[in-house]
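Per our numbering, residue 1 is the first one in the sequence shown, and the count goes up by one each step.
Hints listed in this document are in silico derivations from the structure and should not be mistaken for laboratory results.
Values in this document were obtained by computation on a predicted structure and should not be read as measured data.
Among the hints, erroneous ones may be present.
When the alpha-carbon atoms are kept at most 20 Å apart in a straight line, the in silico SDA-like pairs for lysine to any residue are as follows [what the hints assert, rightly or not]:
(1) K256 - G107
(2) K380 - I291
(3) K380 - R437
(4) K155 - K221
(5) K221 - S200
(6) K164 - I291
What follows is a list of derived Cβ distance ranges for each label pair [unchecked claim]:
(7) P122 - E175: 28 to 34 Å
(8) F215 - I367: 37 to 43 Å
(9) K155 - T128: 31 to 37 Å
(10) G143 - R360: 39 to 45 Å
Even glycine gets a Cβ: it sits at the ideal position worked out from N, Cα and C.
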Amino acid sequence: MPNDFIISYSDNANFDQITKLERALEAIGPGPVQMEADEQYFSATLNWGVSLRDLANLKGKLNSTVPIVVGVFVDDAKAVELDNFYWSRAFTDLVRQSARTYWGNWGLNQQVVAGAVGFIDPQGRTFTKVADLPNASIQQLTGPAAWSIETSSVKQTESSIDFKGGYFDPSSGTEVTVGLDVAWTFAKEGSIASNATISSQASVNDFGVAMQNNFAWLLEKARSVGYATQDGGIRQGFGVITQVRNCRGVMNLGSKNANSSFSVVGSVDGVNAMTGTGKANASVNGSYKEINKTSAFESWLWPAEANQAAAAEVGLCYQFASYHGKQIMPTWIQQLDNFRLVFDNSHGGTYIGHCTVEFRTTDDPNIRRLETSVPGGQVKTLDNIPLNALDVAITVQFTAGDTFHFMVDAPLTTWLSGNSTIDLSGVWPWGSKAQFRDNSGQL
1 MPNDFIISYS DNANFDQITK LERALEAIGP GPVQMEADEQ YFSATLNWGV
51 SLRDLANLKG KLNSTVPIVV GVFVDDAKAV ELDNFYWSRA FTDLVRQSAR
101 TYWGNWGLNQ QVVAGAVGFI DPQGRTFTKV ADLPNASIQQ LTGPAAWSIE
151 TSSVKQTESS IDFKGGYFDP SSGTEVTVGL DVAWTFAKEG SIASNATISS
201 QASVNDFGVA MQNNFAWLLE KARSVGYATQ DGGIRQGFGV ITQVRNCRGV
251 MNLGSKNANS SFSVVGSVDG VNAMTGTGKA NASVNGSYKE INKTSAFESW
301 LWPAEANQAA AAEVGLCYQF ASYHGKQIMP TWIQQLDNFR LVFDNSHGGT
351 YIGHCTVEFR TTDDPNIRRL ETSVPGGQVK TLDNIPLNAL DVAITVQFTA
401 GDTFHFMVDA PLTTWLSGNS TIDLSGVWPW GSKAQFRDNS GQL
């Protein structure tokens with residue numbers, strides 16, 4: 001039975017990419033497929049399931065065709081409950097539009113710190129801490145930066161407000177008479193706004209060496225929570241938080257109803273720190289006097305209580321290193337089984353591209369070879385490139401055209417989504433061309 005879906009795409013997508021996404025949706029069918037260009041999404045009726053796994057598989061399938069999809073949702077409030085899992089997934093998708101190697105900390109989990117050892121739930125994309133990495137050296141870089149990300153249906157405004165009789169500002173410790181009122185309007189249910197002032201970035205120095213030196217200890221911790229493999233390795237999803245962007249004030253807001261509003265009122269310093277407005281200051285702790293809302297919201301604020309300043313920093317987003325057996329995956333953003341290399345010759349070209357991929361693996365020095373030919377107007381893939389592939393040499397030789405060579409030393413560090421695309425183009429007798437597609441799995 002067909003179901004109705006919303007498929008949102010990146011605001012950096014170009015016309016050709018959006019057209020390819022539309023064709024991919026039409027190919028799944030039965031339709032109709034309708035584009036909402038102003039809101040950057042498609043509404044589509046598709047022969048596809050609505051479970052969390054189904055949604056993840058649909059997103060993966062579409063991104064293997066054209067890597068611009070940032071979210072896939074069921075267009076039915078009853079089909080997908082707007083629970084914390086929904087918000088965590090949607091927030092991470094939103095974060096990755098501008099910082100694709102990060103996980104979002106939607107619920108402001110205070111266990112998200114550099115050097116924390118634990119696992120990421122693949123459904124909810126939430127981190128659970130198990131321990132701290134022994135003897136980890138943490139580098140702390142302090143510096144302010146405004147943070148503001150939101151879905152397209154969210155609008156933000158701010159205005160001055162007078163405090164009659166004065167207000168004691170927890171952020172500055174002084175009495176103030178003028179403050180700020182920052183408000184958000186949410187046109188659609190399920191929309192997100194995240195505002196903050198980044199105050200520091202904490203990183204584990206030489207985390208790869210630290211993880212290698214502590215592998216036996218990490219394996220025992222993984223075994224204690226069911227993440228050890230039978231052959232003495234560690235499953236993907238268990239690992240170490242390697243970098244965190246910290247804040248002294250945060251507002252994560254999610255609308256549970258359409259046409260709703262949320263506002264925060266407080267001192268200029270306190271609200272600026274909470275919302276990333278004004279001049280960014282890494283030393284000011286966020287605070288607010290009160291919040292107001294017109295309907296139900298999923299909201300996570302730091303500090304959590306009104307009329308008090310944040311006592312410490314909290315992590316807003318983070319990078320995570322995991323394992324595939326005994327092999328470190330330095331920037332883990334999703335479960336991977338193998339690598340797929342896509343050769344896309346559907347750009348109006350006439351050349352035939354003969355494509356070969358040669359590589360060795362960490363456990364076999366012998367060179368393996370895969371190959372395919374891609375006529376103009378077609379797309380071909382080479383699948384089942386193992387995760388432990390090294391020294392990947394790619395050659396594209398066009399019939400009656402040019403030859404192009406590419407070298408990827410370690411795909412595990414760059415093909416983070418498991419897919420990478422090389423675009424082929426050119427019309428005979430003019431020149432031929434092959435190049436990696438932007439954001440196709442390359443860092």
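Hint check:
no.	hint	result
1	K256 - G107	holds, 16 Å
2	K380 - I291	violated, 54 Å
3	K380 - R437	holds, 15 Å
4	K155 - K221	violated, 45 Å
5	K221 - S200	violated, 29 Å
6	K164 - I291	holds, 18 Å
7	P122 - E175: 28 to 34 Å	violated, 50 Å
8	F215 - I367: 37 to 43 Å	violated, 29 Å
9	K155 - T128: 31 to 37 Å	holds, 35 Å
10	G143 - R360: 39 to 45 Å	holds, 42 Å
Consistency with the previously given hints fails for numbers 2, 4, 5, 7, 8, ordered from lowest to highest.
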